[in-house]
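Participant: Once you've looked at the hints, dock chain B against the given chain A.
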Amino acid sequence: MKFDIHVHSCLSPCASLEMAPSEIVKRAVESGMDGLALTDHQSARNTPAFAECARRAGLACLFGLEVQTAEEVHTVALFDTTEQALAMTEWVYAAMPRRVNDPETFGDQPVVTWDDDIVEMEWRILAMGCRRSIPETSAKVAELGGLYIAAHIDRPNFSVLSGLGAIPDGCFDAVEISRTADACKWLPKAAGYAAVRSSDAHNLDDVARVWTEADLAEFSVAGLKAAFIAKATTLSPPLTTF
Amino acid sequence: MTFEELTAKVNGTVVVDNPGAEINFAYSGDLLSDVMGHCGDESVLITIQNHLNAIAVCTLAGIEAIVVCQGRPVPDDMKAAAEREGVGIVTTPLPQFAAAIALAELKPSVR
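Protein chains in written order, with the numbering used here: chain A, 1 to 242; chain B, 1001 to 1111.
Hints listed in this document are in silico derivations from the structure and should not be mistaken for laboratory results. Only a predicted model underlies this, so the values are computations on that prediction, with no experimental measurement involved. Glycine residues also receive a C-beta, built at the ideal position from the N, C-alpha and C atoms. Fair warning: there could be bad hints in the mix.
Claimed, not checked - Selected chain B positions facing chain A (in silico; Cβ < 7 Å):
#1 LEU1031
#2 SER1033
#3 HIS1051
#4 ASN1053
#5 ALA1056
#6 THR1059
With the rest of the complex left out, here is chain B:
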């Protein structure tokens, strides 16, 4: 799934673009230690964790994109880090479970 397809499926708004990213797996979680321990690469993270540290975890785990749920705002420092690290950010009004259903064709990310 491309970043553009993912954005459309969650009815999302692109905050940081990641054109051409290929996303094959998904993981849902808000505890960043859990995400770091279990989420692998080529993946999207479905979360409400709108914090700078989420981008650092994406960089370590090889996560291509974050779907920030519940319409949570993306702080400027998180946006800047995502631009620097090449991580896409999409915000969606959907809660995490609904976002996961919308992306159900992706495989669960396992590490």
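So here's chain A without its partners, still in its complex pose:
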């Protein structure tokens, strides 16, 4: 089973406005993905639209968000249901700066429907971190029944290695290697965690350009967790050019 479990929609201020959930799902199906997860910065508010698009396309999916923690480390939380992902969002929102987003500065943050209508513009600054630490966030994800992945550990900004120098024990289910990184170089730094490769797509052309493969009973939190514990994931080759 091939899956891309870190993808942004138009709700993320830094993502392209072409990233409607409908278009993302279409692109993933065309690319031969068996599973897809939507993970916007600090928010799962576009996951209900994404769920409906995936249901119509018959694509298995998970729902999540990329939590920027108090350490300013990017981490991906994944859930089986939109309800769990939205509960996680509320918990993150409660610890975010109460400052209103300036779209001119950070970008637009539209919450959309499955058929591409804009419901409203999210007012919080989703580009900023929240006051929840990695251990707190890890515990909350576990309480809600999700998976917790350290995002793009190879990046020089906003990664657990750039921010903390090492990957904390016992906090994550897996670590993510980004699309151009050499897995041979970074896996030894993964502190024994299972690895995934995800697109972290911010525009349509990047959706499912890289992926992770595993023999899963089902594309679900439990299915992925079993593969992570067994370290039974295979990463797609890295991209050599953007």
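Facilitator: Here is chain B on its own, set in the frame of chain A:
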């Protein structure tokens, strides 16, 4: 202190110019949430945070210039945003503490 004086004091290289900017305060930090919460206007930010989001924080806080330390490279998207938003960028081989000492005549930025 002018942008030009600041550049000379940190032995810096101008990546994005901000001619005529008047800089009276300084703040040092790499956590952007902390910078946004505490750094005020007419200021320079001394940091290793060579990311696009640093420019967005400068725009919100009224920061006139960034000194990117440790010789870190400035990505193209960060440079383009700084040009658009009128934020000066200087790179320096100095670490943050040495850059702060070099700019010690500025007052600490408080918000």
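Participant: If a hint holds in the structure, say so; if it doesn't, say that too.
Facilitator: Evaluated hints:
For the restraint placing B:LEU1031 at the interface with chain A, the shortest Cβ-Cβ distance is roughly 5 Å, inside the 7 Å limit, so the hint holds. The criterion of a C-beta within 7 Å of any C-beta in chain A is met by B:SER1033, whose closest approach is roughly 5 Å, and the hint holds. Interface hint status for B:HIS1051: upheld, as the beta-carbon distance to the closest one in chain A is roughly 4 Å, under 7 Å. For B:ASN1053, the interface hint holds, since its Cβ comes within 7 Å of a Cβ in chain A; the closest pair sits about 6 Å apart.
For the restraint placing B:ALA1056 at the interface with chain A, the shortest Cβ-Cβ distance is roughly 5 Å, inside the 7 Å limit, so the hint holds. The beta carbon of B:THR1059 is positioned within 7 Å of a beta carbon in chain A (closest approach about 5 Å), and the interface hint is therefore held.
Violation of the numbered hints given earlier is absent; every hint is satisfied by the structure.
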